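Chemist: Going down the list, the protein sequences come from chains A and B. Mapping of the first sequence onto my numbering: residues 12 to 108, in sequence order. Mapping of the second sequence onto my numbering: residues 1062 to 1557, in sequence order.
Don't read these hints as lab results, they were simulated from the structure. Note that this is a predicted model, so its numbers are computed, not measured. Among the clues, some could well be false.
Partial list, computed: chain B residues near chain A (C-beta under 8 Å) [claimed, not checked]: (1) 1299; (2) 1372; (3) 1415; (4) 1440; (5) 1442; (6) 1470.
A short list of chain B residues far from chain A (calculated; beta carbon distances all over 12 Å) [claimed, not checked]: (7) 1079; (8) 1200; (9) 1257; (10) 1269.
Heads up, the beta-carbon is just placed ideally off N, CA and C, and yes, glycines get one too.
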Amino acid sequence: MSITRDEVAHLARLARISLSDAELDHLAPQLDQIITSVAQVQEVAADGIPPTSHATGVTNVFRDDVPVPCLTPEQALDQAPAVEQQRFKVPRILGEY
Amino acid sequence: MELTRMTAAELSAALAKGEVSATEVTRAHLDRIAAVDDRVHAFLHVAADTALEQAAEVDRRRRSGELLSPLAGVPVAVKDVFTTTGMPTTCGSRILEGWHPPYDATITTRLKQAGAIILGKTNMDEFAMGSSTENSAYGPSRNPWDLDKIPGGSSGGSAAAVAAYEAPLAIGTDTGGSIRQPAAVCGIVGTKPTYGGSSRYGVVAFASSLDTPGPFGRTVLDAALLHEAISGHDPCDSTSIDAPVPPVVAAAREADVSGMRIGVVTELSGDGYQSGVLSRFAEAVEVLESLGAKVTEVSCPHFRYALPAYYLIAPSEASSNLARFDAMRYGLRVGDDGTRDAEEVMALTREAGFGAEVKRRIILGTYALSSGYYDAYYGKAQQVRTLIIRDFDAAFGQVDVLVSPSTPTTAFGIGERVDDPLAMYLADLATIPSDLAGNAAISVPCGLAPEDGLPVGLQVMAPVLADDRLYRVAAAAEAAFTGRWGHPLLAEARGL
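Input sequences plus hints: build the corresponding full structure.
Modeler: Next up, the structure:
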């Protein structure tokens, strides 16, 4: 087995996704199967082969720093779940620890 | 001729001559959508009012004698992953239900500037993850050849819209095959341009090193017209290539393969490929040879590792990209009752807002990138990517283009693979190598599989920035096939 149910639960917590027990029961064996399959890449990729992160080879793209109009506060806040005093209103970030 | 049956090139000519108005063309397509889309479900949003306003504006400009672009007044359907002001953009996800983006994608802007009429937003697998549109939170689209079959994915709504004559043109995105695979199974033309040839600005990101916007059409020339209109350097996308757009329209018109060297990829056939797909593909190769191409077999030994490498690289990038859906600034927010902190709200929102496949891939990507596994999975996959690029480089040293079947099978049944992720992933077996290498590739119809009467696609792959070669080969094949059949393949579709 390449991944356990507990590991899947841990990864889901890291990714900030709540999962019910039923979802975990369903996902864990599927992920185990997928990871076993994708591990094939280990058969072929020997040391010394450089990694490719993207295919174009473009590096360090610069432009002149010219100010241009941007979104107004109204536009930026228009789709927010909650707004207060021209700010995004979010749930408590720091607990009473 | 019925306006919805005309190609984009025919509509463009009729509009330019004043034989028909953009308003009439737009109305005809909106009527067609109203008549069939309850069965096809290609669209998530139909923008009837803004489409008619755009059409009236094109008609006014044409009457005033303005010189307009070839696509002025020609309708187009846009995959719901491109941001559009004045229309929702959901990416097929609950987490973006009702979201109205504050800016247009570069491709949306270019379509508007060209005077193309945006009919609406098309259905897709959630965040472009899937091969059937069954991962859409809003229900699947259906294949116009057989409504019980999948239209492919993730750009399945765009492909279905074009195949059902709801739009002559559509835009999609291809990350692992999401344009070519739906084009193949719907019997139409679809292109993945060279990565960086079409802008990603305003395309909600799935896997940034792979995502490539591209065109759908019912003919090769139509796809070329749209390809040219949307392509070219965009300073808003740092991976956009600053080079001239390959002459794709001219190549589609020339349609000449005499003397071209065409390589058949050994590794993209055999096990896992349906017999009717292989027989139609073999026939397509014979057709190209009869047109004067020099055909040889070429081996790309690392292509068999493309699928596993892709299912490490794409989920890894997705797990990072989709972290932006945090319930704070836009989109869904669940469980904010004053007692829960931000992280709890985030986790509850992502549980409720993401579907099963998106969760699978985020968790898979989180795993592949986590310390202790990074070198064994993500690092190895990046090395395989290098090996695949080297295979392409060696192959393109010997031949001008490579060919293969676009997909291993024809359209499968709705529901058939929905709970078997590995079986679903196989739909992209032949398309993934070009995504990993960033080169250009097209799918063009090459007949029906005898065993099920469903369309088969011929894939043509060309080197980076040689997109014009795709159109040269695909247009030559299309002309030969249409001559042989006596009509376009799509005339045989009986699903509607």
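Chemist: State for each hint whether it applies.
Modeler: Now the hints, each set against the structure:
| no. | hint | verdict |
| --- | --- | --- |
| 1 | 1299 | holds, 4 Å |
| 2 | 1372 | holds, 5 Å |
| 3 | 1415 | holds, 7 Å |
| 4 | 1440 | holds, 6 Å |
| 5 | 1442 | holds, 5 Å |
| 6 | 1470 | violated, 19 Å |
| 7 | 1079 | holds, 38 Å |
| 8 | 1200 | holds, 21 Å |
| 9 | 1257 | violated, 5 Å |
| 10 | 1269 | violated, 8 Å |
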